[in-house]
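Engineer: Taken in sequence, the protein lines are chains A and W. If you read the first sequence in numbering that gives the first Met the number 0, its first letter stands for residue 0, the second for the next number, and so on. If you read the second sequence in numbering that gives the first Met the number 0, its first letter stands for residue 0, the second for the next number, and so on.
Don't take every hint at face value.
Just so you know, same-sequence chains aren't split out, so a pair can sit in one copy or run between any two.
What the hints assert, rightly or not - The list that follows gives simulated cross-link-like pairs (lysine-lysine, BS3-like), each with its CA atoms no further than 30 Å apart:
1. K60 with K189
2. K189 with K144
3. K170 with K144
4. K23 with K189
5. K174 with K144
6. K60 with K237
7. K174 with K60
8. K174 with K189
What the hints contain is simulated information worked out from the structure, not anything from laboratory work. In this text, all values refer to a predicted model and were calculated from it rather than measured experimentally.
Protein chains: 2
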Amino acid sequence: MSRLNNVILDQLFNHTSIRHFQNKALTADQVTTLVEAAQHASTSTFSQQYSIVSVTDPAVKQQLAEITGHHWLVNSGHYFVMVADQYRNLQIAQANNADPYILHTTDKFLASVFDVAVATQTILIAAESMGLGGTIMGSILNDSKRVIELLDLPELTFPLLGLAIGYPADKPEIKPRMPQPAMHFDGSYKLPADFNAQLADYNQTVSDYYGSRSSNGRDESFSHHIVAELGRGHDVRKELLQTIRDQGFLVN
Amino acid sequence: MSRLNNVILDQLFNHTSIRHFQNKALTADQVTTLVEAAQHASTSTFSQQYSIVSVTDPAVKQQLAEITGHHWLVNSGHYFVMVADQYRNLQIAQANNADPYILHTTDKFLASVFDVAVATQTILIAAESMGLGGTIMGSILNDSKRVIELLDLPELTFPLLGLAIGYPADKPEIKPRMPQPAMHFDGSYKLPADFNAQLADYNQTVSDYYGSRSSNGRDESFSHHIVAELGRGHDVRKELLQTIRDQGFLVN
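Same shape as in the complex, but just chain A (with noise of 0.2 Å):
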């Protein structure tokens, strides 16, 4: 089987996160862009379910980079912050005297997550199309609890994703990706026969990819990767249950 082409696919299949950026802010009108073709995307059951926060203020990108442990992030041309939002509804919903009760389910937020997401990725495709790069950053969970609290997020919102966004200063080499057969199926979940002999070639693909790297080298396969983030510790992010709750959500 073959792989297709076409502009926007030739795009989608060289896409990598750029951490390193040109000194160089957004325009307003390439932000309004941006946020333009993130409302265009879908939205479950088209509820809009999500916000953003454009981060412009430099001590408060400071106090992201501390949270996040990602002090790049302050040299982005731009940076966003996605909140899943069933707020903006709860408003709707108060002043038409509807029961809210659904807005703090579980279905409900995994809506606002979903949105978040498509949201994101769409940002970052539109960003890649005008010449920019970034990265999805969930390390903005390392604490929700203070992201909450700087940007003001009121009941049934939560900071889900952080995005920067900036003109590219390197362009780092495409990393490998896992093997269809261990990742597409026909009909039923089922690894192949030969799963294990797969992923020993594809932890030799990622390993011989990061010890061939021209920058950031380093041994390391697929296998050891996941190993070292299983290692991170009983402790991390332990009260982001507790603190999507105490924002009201997952009542049920």
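Using the hints, position chain W against chain A.
Structural biologist: For chain W alone, coordinates are given in the frame of chain A:
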């Protein structure tokens, strides 16, 4: 401020969900290309925490049509179920005698939800670039237990989104979105002082859209739509949180 343009932005701005399909299946090359586009998207901590199940058996598609209530899905050219997956990484943990605890946490469940939604949106954008269209379907959550059984999903996996892709049989008009000032904030979360007036304008715009739509016209503002959503009742998907827990997620 004005919106920028290029071929990719044009596609993003013109997105509409497609629910009417020509009777034409996708080729294996098309499916491989879509999955490869998804694979090249970002995943949380590069841990590739999702899998894709392609549903081709007509009997299974029929059951998904019943679960979702969206019978048009049986006419799609290809149907994907997008699955949160920490099970594959659990195999890596076990093979390396690593403590798998964090795979069970809320943090890792959220990472999987991000990975699924980012991959899903990437497939949809890739499909649109190939002259295809589709709809992301949260409605498979109507009966998660049954979807888990249908697709034989193991522990630490969860079916989050369906994705119907095919050759469009119609060209729906673009639905108007919330004004940016009501969903994009600078520095901190703050609905605009004139939010009620902006919402009233937007409600009128949405009503006009539905009223003038060439098919499936109706009289419905955005507020009406949200109130109707809220009226679905307390029992809708009330098993969802427990089913996610039963799959081994959200231990803390």
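Engineer: So, for every hint listed, does it hold in this structure?
Structural biologist: How the hints compare with the structure:
In the homo-oligomer, the alpha carbons of K60 and K189 lie at most 30 Å apart only across protomers (18 Å), although the nearest pairing inside one protomer, at 44 Å, exceeds that limit. Taking the shortest alpha-carbon separations for K189 and K144, only the inter-copy value of 18 Å comes in at or below 30 Å, while the best intra-copy value is 39 Å. Proximity of K170 and K144 under a CA criterion of 30 Å is satisfied in neither setting, with 34 Å inside one chain copy and 44 Å between copies. Taking the shortest Cα distances, K23 and K189 sit within 30 Å of each other only across copies (27 Å), while inside one copy they are farther apart (47 Å).
Taking the shortest Cα distances, K174 and K144 never come within 30 Å of each other, neither inside one copy (33 Å) nor across copies (35 Å). Taking the closest pair of Cα atoms, K60 and K237 come within 30 Å of each other only inside a single copy of the chain (24 Å); across copies the shortest separation is 39 Å, beyond that limit. In this assembly of identical chains, K174 and K60 lie within 30 Å of each other by CA distance solely inside one copy; the values are 28 Å within and 35 Å between copies. Proximity of K174 and K189 under a CA criterion of 30 Å is satisfied intra-copy only: 25 Å inside one chain copy versus 39 Å between copies.
Hint compliance for this structure: hints 3, 5 are broken, all remaining hints hold.
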